[in-house]
Amino acid sequence: MSKHKPTAHYEGKGEFFDTHAHLYDRRYAEDGRSPEDILLAAKAAGVNKILVPADSVVTSNVAAGFSDSFDGKFGVDVYYSVGVHPHEAKDYDSEAEEYLKDILGSSRPSRLRAIGEIGLDYYYDFSPRDCQREVFARQLDIAYEADIPLILHERDAAQDTLNILKAQYKKGALRNNPGVCHCCGMSVEVASELIKMGFYIGFDGPLTFKNNVKGVKLAQSVPQDRIVIETDSPYLTPEPNRGRRNEPEFVPYVALRLAEILEMSVEEVAKITFDNGIRLYEL
1 MSKHKPTAHY EGKGEFFDTH AHLYDRRYAE DGRSPEDILL AAKAAGVNKI
51 LVPADSVVTS NVAAGFSDSF DGKFGVDVYY SVGVHPHEAK DYDSEAEEYL
101 KDILGSSRPS RLRAIGEIGL DYYYDFSPRD CQREVFARQL DIAYEADIPL
151 ILHERDAAQD TLNILKAQYK KGALRNNPGV CHCCGMSVEV ASELIKMGFY
201 IGFDGPLTFK NNVKGVKLAQ SVPQDRIVIE TDSPYLTPEP NRGRRNEPEF
251 VPYVALRLAE ILEMSVEEVA KITFDNGIRL YEL
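Position one of the sequence shown corresponds to residue 1 (the working numbering), numbered consecutively onward.
Note that these hints are calculated values from the structure, not bench results. A portion of the hints provided could be inaccurate.
With a Cα cut of at most 30 Å, we get these calculated DSS-like pairs of lysine-lysine [as the list claims (entries may be wrong)]:
| hint | residue 1 | residue 2 |
| --- | --- | --- |
| 1 | Lys-13 | Lys-73 |
| 2 | Lys-271 | Lys-210 |
| 3 | Lys-271 | Lys-196 |
| 4 | Lys-210 | Lys-49 |
Please work from the sequences and hints to get the whole structure.
Now the structure itself:
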């Protein structure tokens, strides 16, 4: 990543919840950034809670281990999720399904707060689309049976995603708090359908990018009690640090942009999104 400009550090007020950050990613170690470095920087920026999501059985275990090792250390609460991303749907089998059902059972760890990320990705198509749809539906059933929120991944697959979720909703197999559409790039119209079903909408770095008219319109349309913020670290670094590796310490810049769009103070946005994150993950 770019090293040509100094990193901007948020020095304002507010308590923040990064609702989606892949902190076990190997690129941090390659950069020489330890978990201690990342969490101390996050704490200094006012980030007190982070959820670390998974994308496979392997990373589900890694996310659990990260939470076990670092929750509460350096003043940051670290939660996690388990699940199989659409990229990995082709490898989903009975063993993966039993793993998810077992870990999400009645004795699940207290820091395990969601299943995900799960969904559909037609941009990369790393797994066949019919396979993605089947695995998504199966994990939706697991989420409902386990009574746990889901973290939705959707890219270039809005209509199929909506159709599958509506089918679950109509058969009474979505919770009152079904989960969050993370890094939401949907249209206002499609996102509104998710909100009607009870979903939260996650905003991250791209909202800060110049000329992101679609993101601004979406942010303006979402009820304040449905908005959460995230980094999706190590990806999608917000301005003014775009071009550098993303970390939770940069999530306040998403809040700053939301404050501009919604004509609120950053402290108000921090409070709203922090409280929404707690409700989303039922903490």
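Verification of the supplied hints:
Of the supplied pair hints, the one linking Lys-13 and Lys-73 holds, its CA atoms being roughly 21 Å apart against a limit of 30 Å. For the proposed pair Lys-271 and Lys-210, the alpha carbon gap of about 25 Å is at most 30 Å, so the pair holds. For the hint linking Lys-271 to Lys-196, the alpha-carbon distance of about 23 Å falls within 30 Å, and the restraint holds. Only pairs whose Cα atoms come within 30 Å are accepted, and Lys-210 paired with Lys-49 is accepted, the gap being roughly 28 Å.
Violated hints are absent here; each numbered hint is respected by the structure.
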